[in-house]
Amino acid sequence: MEINEGKFGVQEAVCLATISMSTKIFFTSPAFLTNYVGNAGWQMTIISAIISIIVFSFVYILLKRFPGKDIIQIYDISFGRLIGFIFSFVFAAAFLETAAMLLREFVDVIKVYVFRETPPDILIWTVVIAAVLSSFLGLETLARISKLTAYILLVTYFILLLLAIPQYNPTNLFPFFGYGIDKTLIHGIRRSSAYGEVMILTVFAGSLQGTGYIKKAGFISLIFSCLILALGLLAFSMAYPYETTQELIAPVYVLARGIKYGTFFQRLDPIFLFLWIFASHIAISILFYCAVSCYSKIFRLSDLRPIIGPMAVLLYTLAMLPRDFTSVIEGNVHAIREYGWVIFYVLPLITLIVAAIRKKKGGTQNA
Amino acid sequence: MRRILVLILILSGLPALTACYDALEVDDWAYVYTMGVDKGISNKLRITVQLPTMKSSGGGIDGGGQSSTGSGNKDFVVISLDCPTFYTGVNMINSSLSRKINYSHSKYFVVSEDIAKEGMGNLMSAFVRDRQIRRTMHMIVVKGKARDFIKEINPVLGTALSKTQEGMMNMEKVNGFFDDNDLGSFIDDIKSHKIQPVSVLAAINDFSNYKKEGQPTDEIKSAGDYYAGELPRSDGNKTEYLGTAIFNGGKMVGEFNGDETRALLMIKGEYETGSYVIHDPYNSKLLDTIIVNQQKKPDTKIDFKKEGKPDIEVKIFLEGEIQALQSTVNYESMEYKPILENKVETFLKEQIDKSISKALALNSDVFGFGEKASMKFLTIQDWEEYKWLEKFKDSSIKTEVQFVIRRTGTLIKTNPTKDGKQ
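In the order they appear, the protein sequences are chains A and B. Counting from 1, one number per residue, gives the positions in the first sequence under the numbering used here. Counting from 1, one number per residue, gives the positions in the second sequence under the numbering used here.
Please keep in mind that the hints were generated in silico from the structure rather than gathered at the bench. There could be a bad hint or two in this list.
To be verified - Subject to a maximum C-alpha distance of 27 Å in a straight line, what follows is the list of computed DSSO-like cross-link-like pairs (lysine-lysine): (1) A/183 <-> B/387; (2) B/100 <-> A/111; (3) B/398 <-> A/260; (4) B/296 <-> A/260; (5) B/349 <-> A/183; (6) A/216 <-> A/147; (7) B/309 <-> B/297; (8) B/251 <-> B/117; (9) B/376 <-> A/183; (10) A/183 <-> B/372; (11) B/372 <-> A/260; (12) A/260 <-> B/163; (13) A/260 <-> B/191; (14) B/376 <-> A/260.
From a predicted model like this one, the values you see are computed outputs, not experimental measurements.
Just chain B, same shape as in the assembly (with noise of 0.2 Å):
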């Protein structure tokens, strides 16, 4: 009786070991890698997934296959449709595939320009709703479409889209042109009372401003001078990610260039790293290459005058090493060395003053100011009642920077060229 027990017992395992019967497997999924909205024609929105095809040939999309999406073996498709909200337009586009659409692995969500300066809180309150949506997904402002701008994602160096899309967020760490918000923040920022949202400005960059002829020009357009789209660049990727879109609530207002991001990056104090250009202080014709580095967090002082009106302080401490000289004066000397500091300090001061008096124009404290302003109220009752976001445009906001050079890279003294003359 009892092995008879046993064995009964063993045999009422046995369906549990063939699984679920409706389990989907990693093959039956979609997995989506891009996502985007524009404005719809033929209904309210039009979103654009871009999906790998899994027919590459060479282990699949991470394992080597070409990737394209050109004609001919495709690796990524791209599929767009009109409807009336994001996920009944997920529905619809799973009428004409076979696999279920999965976005929990989507790397980048793209917001057209056209759409974000519309307004976009209520877009994104509802998006974010969804269980598969990660917060820590990109956010991305395009200009043009945002379509257009995803038929153009693809990888031109290695083979991994996904890597790819990672690769170009950290570039923020590289060269600071880019505020990378993922999806989370983004929304926290739309809701909070201390600080607006921001996003990574994009845009597909057609290479025309690339002159394949005439006049050499002695103009300097340092690279921060720069919006996305416009580098004057030829072959690489189509898409370019350079400066920030500016938002007031859920609405774009304005944008800042890749010198005007440095310097928000800067003052939050999430900068870290970037090749500068200035002119020489002595030869203004000469230029002087320096990387700048952020030593520490700002220090952000804020106080309330009478009226009410904030009165902000910050002191922004940076330090950077000597790139390239193309001046022969002895920079590297204690005697000259403050000379270039002094000059560093004037440049950067200018560009963070000018992003601070863009950004009061736009009463948008992309900063995150009223952060620090929140620590000088008890209760939420008090701040919400204070209205930070409203009064931020009546700020007056002193700036400061320190900047040290601390390495003279793998040079310790550049002595003049010598010609035939001397």
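This is chain A alone, in the form it adopts within the complex (with noise of 0.2 Å):
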């Protein structure tokens, strides 16, 4: 028996995986692609973008071989019950570790910078409760969230790259191919993990319409999380120089405290926390849905309710596991970003080549 996650339309899924996708604008990102292509980061995130909507071409493709079935019964159904087990359980793992990991980032960027006495404990605790209430509620619930916050968050998120304009200066955006094209081509295709997170929409592929709502929402998701990414990297190229980008821990927070209008409009940083907190809060609680969702699927469980619990712990422990934030951003979040594109791209491609040479189509599940 299936698990019944509700429906929801096109609106909604773009929004789900917009901002799981767009949230790590907030973080480290910025600063660790700054060292690798210098202020061409934004040329990168472009490249990256274009070779995720290439890979979800072809997991379109794969979708559709199999009308109204998930990416978990897909990888049963081409590899079998072992191969696919072991498929959808690291796409499971991929999920939890890239929710934990986020929210890692999260706490400590905050830390640093807003909540400098509270116990992390307290704050990781608090986005975990969230994200476990959002998985209580439901997929549906979740999607109709992400739909109602999003357009909040996207107001601000522009109102506040448009109120930093003064702090832009174009001539950092010189010179202009950053460290090379080179170096922004390969950057640009090994970090195109940082649109992984449209996968989520092949994990609820049963809650869309049909597959061709997949296909405008993967799309569309995946154009306007370029538009996020590459806005917010093009405005912190002309905000600051190369140099300052690489050392920055939160670019978008500074942008947000240096605007200054006279005396009075200016420090402007608590807007921006809203956005900060909403968006990693509802993208954490997506992630670790799609986790658990995974993981219910892959056990061909009827309830998901009872594995949340268990689940949310090994978030909290997944989340304290580095000992230190410098092993988060130069370990856990630099290996996911550098490499997670084995597991969101690499799996599918397999499973679409695998299902083409063993003729597994839609219907054939019990074959």
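Need the complex rebuilt from these two chains, each delivered in its own frame; the hints are there to steer you.
Set out below in structure tokens:
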């Protein structure tokens, strides 16, 4: 018996995927990629998005072969139970690890700037409890909350970028190709997993009205996320010389702190905090739910609620595992960004090839 | 059962309404207005903080209390301490205060000239790491001791110190006598491969240049000829912000006076307005005052000669208004206006060339020509290999000033004064 995750439309799906993909702009990723590509980070993320769109086109072909099936079922059908289980498990683990690292990155960065005296445990559990509650309320609720907040988050984000215009110096965009086109291209391809969260749509495939809707939601969310990330990176590249961006933990926060229009209209960091906390909470909840959903589907559970608690403990444990912030950004987050594509992109592509070779299709799951 | 559950749920939420037991309220903090750094005597650094005492009876510092650092009911207290680093110093100061020091609302970061000349790259890099430090703070280099300067930061007009501090920095837009570089830009520029940092230059004016008695003179000195602390004035704020400290990397290597600073701002395209005094084209004993505004951003072109030396051309577009004419020549007319315009153009070009020569001699690209030059390079490696900041001194820089008098003030003609002989 399958889990009934409810139904939602393309707009909700776009919001779910876009929030999950674009939240990383608030953390250390911009500084990290500036180390690799200099001021050409915005070009790099466009390359990453193009790669992701191409990969997602193939994923769409895969989903089209199995109408109404989600990626976990497709792995099972294409490879059989054992290999399908391994693929699905890796997929679920990747979502959980991504959620945990986003959580840890969020907590460490917010501790540096805002909640200096609050124990990290309390901050982590606050987010974990939010994720647990959202999971109990179900995917449909999560999708609707995403849609509700997405507009506010998007408007706040663009207002922030617009208010920061006086801080921009377009000459900071030069030398135009940063550390070189070759480096931008290589890192663009390698870090295409920045958009790997688009794969949540394949997990929730059953909740969308059909494969056509997934295609639409996937492409739109990828384009939106690319816009959000590229504009953010372009803004940082203009606001600070590359030597400075490489040093900053959270360039968006620094950008918000720099907004100053006269003696009255300044210090807008609290507005940014709202954006930061909401976006991070929702993104972590989505990824957590996705991991829970994958897990329940792997074991063909009829109800995912019993595993939310244990998974929450796992999320907390994973988030607490790195011993310090340096290990988080140089180890885990770096690994997810650099090698996440192997899980998010290569596994579905292998599945497509295998399904084509083995001539597996939609109605043949019991074959 | 359901009612009991609801009751338990409601009761369990009650502790949340009490807020944090260990929260720090506004009056638990000691907010620093100004921070300063001098060379220490009994330790490496001498840090100074200016804090409000929160003792004003008229509604607080910003609400109408008298501001004074003299004896009696002080509104601000200035504390100095010798320490190894800034932040350990803040900790040490807290051993004598009942409130926790908070510098997230600081407006000024004041550094003494001797520290600036010794090099402050490392100091600044370390300083900016703290979350309370805002990049929007104003960066000021002072002649003499930072502590002495901070003690004199006191509102003469109004009562709000923070407003006085902000207002003072806004004077850049009124007279162009200093280049208000904030802390963020200063640190960016220290690390940049394209531009060298500058800072506001300030000093205490002890009013000694104001001669109470003596022989009247016909000697003319433009307002912009002065450096900070030298204006011949009496009364008002003892702190004076005039001129620019020029850096090469993290080291202060020279300074610009008021007029040179205006030229710097014009080249950067950041100059807004200011009054200039020039000798009348027909009678050098008479003085004409012109308001000069920057019309648009300068047009800067950079090329590289065969030997790789930079060849820079700067075209500056200015416009102005006649503010005061001692001469009776009808400069408002189409016939004479170009004569006055040419005179101003020549004067401004001289000022600009003087500033450029000074910067070239100091090998400090404070104008940011490197930012334009970097557009000629495709990759950061090529750009960094070129070593712009080293080669800046070899640049040949041509300047052109275009000046147009747009308006003539409230008069369209100046009739001569008549005496009994005529």
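Evaluated hints:
1. A/183 <-> B/387: holds (22 Å)
2. B/100 <-> A/111: holds (19 Å)
3. B/398 <-> A/260: violated (35 Å)
4. B/296 <-> A/260: holds (23 Å)
5. B/349 <-> A/183: violated (45 Å)
6. A/216 <-> A/147: Given that 27 Å is the threshold and the Cα spacing comes to 16 Å, the pair holds.
7. B/309 <-> B/297: holds (25 Å)
8. B/251 <-> B/117: holds (5 Å)
9. B/376 <-> A/183: Distance ~20 Å between residue 376 of chain B and residue 183 of chain A Cα, so the pair holds.
10. A/183 <-> B/372: holds (24 Å)
11. B/372 <-> A/260: holds (26 Å)
12. A/260 <-> B/163: Within the cut-off at roughly 14 Å; holds.
13. A/260 <-> B/191: holds (23 Å)
14. B/376 <-> A/260: Between residue 376 of chain B and residue 260 of chain A the Cα gap is close to 32 Å, so the pair fails against 27 Å, i.e. violated.
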